[in-house]
Structures are given as C-alpha cells and as structure tokens.
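Enquirer: Here is what each chain is made of, one letter per residue.
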Amino acid sequence: MTHTPPVVCAFCARGPCCARALGSGKLAGLREGLTLTMAAAETGALPVEERVGQVVLPGDVLLLPSHPEADGERLWLGPGAALPGRLVCGPGLRCCGAGLLVTKCGLLRHRQPGGAGGGSGGAYWVDSQQKRYVPVKGDHVIGIVTLKAGDIFKVDVGGSEQASLSYLAFEGATKRNRPNVQVGDLIYGQFVVANKDMEPEMVCIDSSGRANGMGVIGHEGLLFKVSLGLIRKLLAPNCEIIQELGQLYPFEIVFGMNGRIWVKAKTIQQTLIVANILEACEHMTAEQRTQAFAKLSER
Amino acid sequence: MKETPLSNCERRFLLRAVEERKRLDGRQSYDYRNVRISFGADYGCCIVELGRTRVLGQVSCELVSPKLNRATEGILFFNLELSPMAAPAFEPGRQPELLVKLNRLLERCLRNSKCIDTESLCVVAGVKVWQIRVDLHLLNHDGNIIDAASIAAIVALCHFRRPDVSVQGEEVTLYTPEERDPVPLSIHHMPICVSFAFFQQGTYLLVDPSEREERVMDGLLVIAMNKHREICTIQSSGGIMLLKDQVLRCSKITGVKVAEITELIQKALENDRKVRKEGGKFGFAESIPNQKISAFKMERAPVDTNDVEEQAEEIIMKADPPSDFVAKPILRMPGTAQIGEGLENSWGDFEESEREEEEEGNSDDATTSGGQKMETEEINIVSKTKKDDDTIILSDSEEEEVVILEPEETHKKTRTHTTAKQENSSKKAFNKKRKKKRATH
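Chains as they are written, first to last, in the UniProt record's numbering: chain W, 1 to 299; chain C, 1 to 441.
Take these hints with a grain of salt, some might be off.
[Stated by the list, open to error] Derived BS3-like pairs: lysine-lysine, alpha-carbon spacing no greater than 30 Å straight-line:
id : chain 1 : residue 1 : chain 2 : residue 2
1  : C       : 22        : W       : 264
2  : W       : 225       : C       : 114
3  : W       : 131       : C       : 267
[As the list claims (entries may be wrong)] FRET-style restraints, in silico, Cβ to Cβ:
id : chain 1 : residue 1 : chain 2 : residue 2 : range
4  : W       : 286       : C       : 179       : 34 to 40 Å
5  : C       : 97        : W       : 237       : 44 to 50 Å
6  : W       : 237       : C       : 283       : 40 to 46 Å
7  : C       : 72        : W       : 288       : 55 to 61 Å
8  : C       : 12        : W       : 286       : 31 to 37 Å
9  : W       : 276       : C       : 315       : 24 to 30 Å
[As the list claims (entries may be wrong)] Now the stretches of chain C that chain W is said to cover, found in silico as 3 or more residues with beta-carbon under 8 Å:
id : region
10 : 20 to 34
11 : 177 to 183
The set of hints was computed from the structure by calculation and includes no laboratory data. Note that CB positions come from ideal geometry on N, CA and C, so glycine has one too.
Input sequences plus hints: build the corresponding full structure.
Expert: This is the structure:
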C-alpha cells in the first residue's frame, strides 16, 4: 500500500538552509528551473525532491514522495513531530490532493527533519523576494504596540492583521506584576499562533518561560524596514555583512523576520551609517560591499 | 488597511537627528532628493521620481462646449489620485482630507497661476473648446507628494501634444497624428512647488521632507514659484507661527531649487525630443533601472565550451521531422500577424536554394540535407521596427528587412522577424541569414 505523508499547514522551519539557498540561486539554475517548469506544465507534475533549489512558479504541482513502508493510519495518530513521514508545508505552498500546489514564485527549499532521518519528512517552502510580511508560527518579529486593551496588547507586525500579545506573556509577569509597556513601544517577540483563519498571537517568552532576548526594546535607536529577502540573508548563519559590520564599531541590532530592523549605536551618525549600509546591501555585489566597508573604516 | 504606526523610538530618533542636523538618508537640511523624470511612449505621459516618491502624470484632451461665462477659454482639469498602491493607508474610493488639500493646492499652483494659455485652447468661441485633463497618480509614497505631483503635472503638460484642428467657416476638421503633427500646448511659465518642514516651532527647517519626517514635523510651508522667481502660491499648514525672515529665507531657497528643477525638466524634455526624432528607444520600459539582488556566496560554475558546435550540429540532425504544412504569416493589421495552417509553401524554389548553397561553397550538412525541414520550423513573426539591437542582421535582399532577435543556443528554432510584405521571401535569403548568425556565435 502506498500513501503520501500527512501534510500539516504550519511552518516553523528556518535555519542553515537559508544560507545554502542563497548560493544556489545562480543564473544557470534559474534558467534550468524555468525550462523544467515548462516541462512540468506539459507533462503534469514533478516529484518535489527534484525541484528543491530550483525556481517554481504559481500553479506548479509538486508530487510528494510515496513511501510504501509506512502502513496505515495508526502511525498518523501519534504525536506529530516524532513521525518520520511528517511533512511541513511552508509559505508559498498549499496542500492539494496528493501533492503540493505552488502559490508564489521563488526558489523551492527543503529542510530535513531534525533527529532521526525520516526520508520524506521535513519542511518545504518557497523563498521569494517580497516586502509584505505574512505571519508564520515561530518567527521572531519586531512589533509596535498600538493599543492596550484589557489584558492584551495589540501589536502591529506589518501583516494584514494586528497580532495580540497577552501581558502575561512576558518573563516574570504575573497578574499583579504587569510589564511596563506603552503604546508606541517596540516589542521583540515570537508567534505562537499564526494561521490564515485566526488572529496571530505573540509571546515574549520561550517555552521554558524565559525572556531569551525577547521583550520591550529600548526607547532609543532607529527602526527601519527592509525587504524580507534581505532579512533572511542577514539572519543566515555566518552572514558576511553582519560580521564585517561588527568590526566597524560596537552597536546593538535586532532583526525581525517581518523585515524590521532596530539599530542603536553610540551616536546618531553611527546609527544612521549602519541603517543605510544595511539598506544598500541588498543590491550590492560582494566587491562593492567590501569597497563600501573599506571606505567606512577609513573614517 | 491601517497605516503603520510610528513607534516612539523612531519619533525620538528623528527629532534628535533633526536637532543634530542629520537626516535619515544622509542629506543636508536644504538638500532636495534626486529628481528623475522619464517619459512614456505616448505624448503627455511621464513618471516623476523624487527619491522613492513616484508620481505618474497623464494628460488627455477632449473637445467640449465651454463654460457659459468663459466662452473663449479652454478648460483645465487636475486630478490627483492616492491609491492603495502608493501606501496601504490610502483607501480606494475615499477622499481623505490630505487628498482634498493636495488637489486644491495643485489647482492653485497650476491653474490660478495661468501657466497654460487657455485662450489658445478655444476652437470655436462659445461652441467648442479643448478640455485638458491632467491625471496624476501616486505610485509610491515616501513623503512630499505635492512637489512630485506639481513637477509631474507641469512636465506632462509640457510633453503633451494635442491633435491639430482647422476651422473653415462652420466646419471644424480634426486631424489625426498621421495627417498633421500634433501641436504642443502654449505654456507661459512652469510653476513648481517646494515644501519646507518645520520642527520645534520653526527652530529647524528641512527642505523636501521624507515620509517619516513629515510624520514628526510641526508645520509645513509650500511655496510654488517659477524660474523668474515669481511666487505662484504660498501655503502654510500645521499652525506654526513663522517669522517674516523665515518666510523670506524659504522663498530664497525655493528660487534656487526651482531654477535647478526647471533646468532638469528642460533637459529631460530635450532628451526625449531628440530620442524620438532619431527613432531611438523611448518609453518607461527603457528607463527602468536594473536592480539586481545579489547573492553573497556563489560557486563558480565552469562551462565546457569545447564541443558546443558539434553538439549543436547533432541537435540539428536529430531535429523533428517536418510537419505537413508550412507556416505563413498573414498580416491582420500593422504589428500583428497570424501564422496560418495548411497553406501552401511559398518559400521559393528548392532547387534554386540548392544552387545558391553551392555557389557559396558552404558545406553545412544540416542546411542542405534538411533544407525543406528548416523552412517549416522557422517561425515568422512580423517585425516591429526595433532598430538598435546588436543582434540585428539585415539581409541583402532589398525589399525585406530581417531582424533576428535573441538568437538561441540551438539552431533548431530560429526565430526570425520579417516584414509584413514578406510572403515569398526566397530560401536563399534565409540560408544567408543562418550563416551570418553562425558567424556571430
């Protein structure tokens, strides 16, 4: 008996794959991807593994691998994450019938499930260049408090809807001991609920109840917005820009997956330099960037 | 959708930066952002970019009956649109206060300053006059809409050409652009708005505020002026008390900025006129800057180019057998063509082409053996008159003009663009083309 693995419409995958992803977006790969896409349109769908790292377009159908060794529904009922065949369907993909339907154009990404290698599990998503943020469960974002209503705060995260944040979702907060949050403050938190039918919900604590860097961001510094693609580049492990920037002078920086960056350096001038260099980095080649940094460090 | 709120820290930072005479984009207090003007393919269409603020201006005209009290004057109409495309906070179908204010200011700046000669828009007094309509669309909002809109409006008006008319007795003749060249509007002067943002009750002053600066400013002063330093409109909003010499200083700055911008506009108009005259490429598509998203790490991919020619030959040899019918383009109207089905081959004599082949001493196997084959696979599309492409190859035959665009790696499908009248273009011309194309590879 063959069946396809269950697909859950939640996405919590981000990691080393982002860095790898950027490298493979070379021209040859793009062209190959496009011709393959056309082929898929003619012949139907292609297996999803073959398309990883290539360009996919909206309307493409990706076939999920079927694995005969998994038997019956019994396995599916267990705790999801432990299953080898569990598949996470990330942004830009939708589960349709036996396969995945691509809903935005970009590069197809895949991450193997952590721990025991389940052949067909892991997460698939589409990396694309966009500015509008769509909340994703587990993302760390920077939000602006817009409203204090009863025991929740409304937080603007740049999505279509404001997220809600309970005042108990801060480290050490109790009914008596409320956190000091004003309207207009910046919040660094993560999503615990994010799906298309419900209001997104943020928290500023991790699963063990610790702040872990989250919470209200200081009252100084500059907030600015960049594209989501740049944020992913900057958040990739061993990002060269951040390493080079860190050698200039000390500064504090917070990246939100919603494209917002908060920077604070010693002076206004230094803060502005960091902000402008990060904005400009998106359309610079590596050589141009090195030159720009060399010019900065001379000063 | 709701506007993105301004956070406390942004507000604080901006105000502190203003005090230190720093701006977010590295400008000085009196600096204007870069102005970019690009023109569309049609007359009277332009996009003005002021930093990241973009405004599209489009002028159109219509013959209407004049207003009763102004029988000999044409009608000018201005309309600025703020669509949700510019910023999510702008909702469609609603006229927010800001929009009304901007529209009013535009009218005062352009209509009330009488920069367009409305008398010259009269065709038959009391019966027919031209109505000139200027539509301005905000495409992206990054502050200082009014300056960008006023530049876009005046540039579009300067660029616009209306159809020529002639009046003989009672009869009015409207000429198409083919019959008579369209005529430009008569423009007396070019009023341009310059905005000043005031902070801390007028202590600090910034020229050309960006969106975030606009959100924290205390007051705004807009001065419209032409290059002869005549003030066309002046408007102060935000309720700040300005001193006399502050206003005077602003008007001096305006004079300098307006002179710069007017010069830029004239240069842009001149450029566009020259390009059109020489038949070069124009339109928005030509003026879009290429912004590449660069990857940070990229492995070099070696490309083996040793056996490329052999491989190409092989592919040609393996090409599909010819289909039964020969594609022949049918001209529907200029610029379009249909490739018919099952029509007769009109590609000239096969024998003749063979001879031609031998004359040239070409030993191209694929061409000679699969001569008939090739004809069918070549798709003919009526060429547009694109002239300055490096891949253009003109054939020696006089009556036709052949343009090869984007030569592909495989020689199997050679996309050729031929002129409309090329019904029985000879085989020989095609073989020549093929050879030339090889040479370019």
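Enquirer: Straight-line Cα separation of residue 22(C) and residue 264(W) no greater than 30 Å?
Expert: holds (15 Å)
Enquirer: Given the hint that residue 225(W) pairs with residue 114(C), does the C-alpha gap stay at or below 30 Å?
Expert: violated (42 Å)
Enquirer: In terms of beta carbon proximity below 8 Å, does the region 20 to 34 of chain C have 3 or more residues touching chain W?
Expert: Answer holds; 5 residues pass the 8 Å Cβ test.
Enquirer: Quick check: does the Cβ-Cβ distance between residue 72(C) and residue 288(W) fall within 55 to 61 Å?
Expert: For residue 72(C) and residue 288(W) the Cβ distance comes to about 60 Å; the hint holds.
Enquirer: Taking the CB of residue 237(W) and the CB of residue 283(C), does the distance hold inside 40 to 46 Å?
Expert: holds (44 Å)
Enquirer: Honestly, do residue 12(C) and residue 286(W) meet the 31 to 37 Å range at C-beta?
Expert: Cβ of residue 12(C) to Cβ of residue 286(W): about 35 Å, so the range 31 to 37 Å holds.
Enquirer: Are residue 131(W) and residue 267(C) close enough, with their CA atoms no more than 30 Å apart?
Expert: violated (35 Å)
Enquirer: Honestly, do residue 97(C) and residue 237(W) meet the 44 to 50 Å range at C-beta?
Expert: Since the Cβ atoms of residue 97(C) and residue 237(W) sit about 49 Å apart, the hinted range of 44 to 50 Å holds.
Enquirer: If you look at each residue in the region 177 to 183 of chain C, do at least three have a Cβ nearer than 8 Å to any Cβ of chain W?
Expert: violated (count 0)
Enquirer: Taking the Cβ atom of residue 286(W) and the Cβ atom of residue 179(C), is their distance within the range 34 to 40 Å?
Expert: violated (57 Å)
Enquirer: Taking the Cβ atom of residue 276(W) and the Cβ atom of residue 315(C), is their distance within the range 24 to 30 Å?
Expert: Given range 24 to 30 Å: violated, Cβ gap about 50 Å.
The earlier numbered hints that this structure contradicts are 2, 3, 4, 9, 11.
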